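Chains as they are written, first to last, in the working numbering: chain A, 1 to 392; chain B, 1 to 392.
Because the hints were derived from the structure by calculation, they are not lab data. In this text the structure is predicted, and so the values were computed from the model without any measurement. From the three backbone atoms N, C-alpha and C, an ideal C-beta is built for every residue, glycine too.
Covered stretches of chain B, as calculated for chain A (at least 3 residues, CB under 8 Å): (1) 11 to 22; (2) 241 to 249.
Derived DMTMM-like pairs: lysine to aspartate or glutamate, alpha-carbon spacing no greater than 20 Å straight-line: (3) B:Lys207 to A:Asp240; (4) A:Lys300 to A:Asp383; (5) B:Lys27 to A:Glu129; (6) A:Lys127 to B:Glu28; (7) A:Lys130 to B:Glu24; (8) B:Lys21 to A:Asp3.
Residues from chain A that face chain B, not an exhaustive set, calculated with beta carbons under 7 Å: (9) Phe4; (10) Lys5; (11) Tyr6; (12) Phe7; (13) Pro9; (14) Lys11; (15) Leu13; (16) Phe14; (17) Glu212; (18) Thr216; (19) Ala220; (20) Glu244; (21) Ala248.
Number of protein chains: 2
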Amino acid sequence: MLDFKYFAPTKVLFGRNTEDKVAELIKEFGGSKVLIHYGGGSVIRSGLMDKVTGLLDEARIKYVKLGGAVPNPRLQLVYEGIELCKKENVDFLLAVGGGSAIDSAKAIGYGYANSGDVWDFYAGKRKAEKSIPLGVILTLAATGSEMSDSSVITNEDGLIKKGYSSDLGRAKFAIMNPELTMTLPDYQTACGCTDIMMHTMERYFTKVETMELTDTMAEALLRTVKKNAIILRDDPKNYDARAEVMWAGSLSHNGLTGCGTDGGDWMSHKLEHEIGGLFDVTHGAGLAAIWGSWARYVYKDCLHRFKRYALNVMEVENKGTDEEIALAGIEAMEDFYRSINMPTNLRELGITPTEEDLVLMAHKCALGVGGGKGSAKFLKEEDMLAIYRASM
Amino acid sequence: MLDFKYFAPTKVLFGRNTEDKVAELIKEFGGSKVLIHYGGGSVIRSGLMDKVTGLLDEARIKYVKLGGAVPNPRLQLVYEGIELCKKENVDFLLAVGGGSAIDSAKAIGYGYANSGDVWDFYAGKRKAEKSIPLGVILTLAATGSEMSDSSVITNEDGLIKKGYSSDLGRAKFAIMNPELTMTLPDYQTACGCTDIMMHTMERYFTKVETMELTDTMAEALLRTVKKNAIILRDDPKNYDARAEVMWAGSLSHNGLTGCGTDGGDWMSHKLEHEIGGLFDVTHGAGLAAIWGSWARYVYKDCLHRFKRYALNVMEVENKGTDEEIALAGIEAMEDFYRSINMPTNLRELGITPTEEDLVLMAHKCALGVGGGKGSAKFLKEEDMLAIYRASM
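If we strip away everything but chain A, and leave its shape as in the complex, we get (with noise of 0.2 Å):
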């Protein structure tokens, strides 16, 4: 196994009402004037934004709000947040909303906090030194990003989806109330739960020896995400299942997941990251679109732990050759994608992108990773084109 770095500092209040002690979390970490980020209406909508302003104007904390975050949140977005920090004079950043919301605060952080321009980070140009406090109050459960030391910001002049990912960024608290999440579109909890198990099965699909403690884990949560997808798909106030998704959401991306692998492969996500850059669709439907054509063409090249998905995570029978076993692994898991509606290719998905489309995904997604990425196959942009044009 490989040696490994976890560092998951984030304090977690897990439960109904823990939004209560959003004042007492600012406090505690420092913080005496606030940009509350969010995204669009639903968080004011749901009265969530009047709780937060109401017990932080009893605890007599200022803040300041900037709403306007959107899935693959825009750069145009972090400019004005920085802006709004600078001539407030905020000392602490609090995102209120799901990953879209957290990342754009993320990247307001850096940006606010080191001079020159925040896309630099993410254009891999330089390093952030510092950021200033972040806390979240998480109202979808997906990305991870409350717990990560990840964040995708998409500039608009090209649409290019970057990540940056640095411990700077990782928020002191996050405040989960599974409770916040019941109102979400079927589809955007399907997308969830999409988006949670690929961050395991990312750093699962690796070639290097790994450790069967992070293994066993990994299945263990892969295999609640999957049976409480479905629950939710019946039962969409149903606490339990919410909690389930919710906690599995922070733990398949806070690290735990991926300890004494390499960090896994990743493929599929730069494949989705271009798809997401030029159509703007949901991430978790994204990667489910495109899951499939990629397992499709690596797995000959990882086939033992493929197998082990199929038997461990999939629970298919252990019939067969290995490569059978693999496939049906494979089979299964759309399948399952399938029965929270999900897309399992592009069509489902609801795009029709030309050859041309496909070329230049490929074209920017080799880029964008220096030529080639990927620990169980190493693709490179010939490979990428394949599976895109798989994925039709």
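Using the hints provided, position chain B relative to the given structure of chain A.
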């Protein structure tokens, strides 16, 4: 399921030669004058201490050393450490060793940073308000103290063994190099594996409704330790098995395997604390010696969990009544203990307490938990005595 808090901020560097980073990490967390706290001569004989002080010298970090932390670490040495910290104006604690050195260092930190008698915290009279930063180089996988909020100290005056838990005591960093555990005697390795499993088992055996994610990950951890404990019995230098056990030790006691429960039962630990206070046995062996008697005494009151444990951890056949399956699981666990040369009663532990001793231990145990305790089954003094008697 119940609400929970999860907070495990320790930065973990895991793998070969990670101790090379010790000076860098101390600086990262602001240390300039360090108390290096350790146990016996093994860290000196192995050359680890020379390596550490060499790195600190090189980085121009000042330090003083205090050895002598023993299993069931003593209050007197804690007082000595506090005085030394005061005299030397220490601003960072580095524990080099296992749970004894770490627990002792945590206590030194509380006593040094707060006024008054440090024993007050352990006696439950008041709470620590601060501490100073603590780093760990772990040389023994067992107590999980490197990521946990807890420490246990024995007051020589009456041999009272008491625990104190506070997030203030959590280590800033933990350096875990599995190679540093390779020279441990087989008995210590087995005791460590037992202790590690017990930290999750204590959380697992509860009557409250639990989280599926927590349960399945806990079961994965338990199976992994069980498997690797047997590998280490036969092949003590097996790096991968050392690594699996070492990482499991941290995850088993950092809070992860208790998320969404009531915290668990913990009566095996409480019962063992009194044995350890009176007879100074190795903690893990004491736990193994008492567990079977505890389990047989309580299992009917928590039958669904004992059945689940039997099936998912001990992997016994799903045949017979729930009671039969639960009992088969307890027997299988005792067989496992025997297979790694752990005791399953006090006689095998090598002690022969008198009836008066048992009465005294039960009395002290009941007093220590405010009359009664237990989540699998609530135990009062007479129950404790019955379990002690059954464990003879």
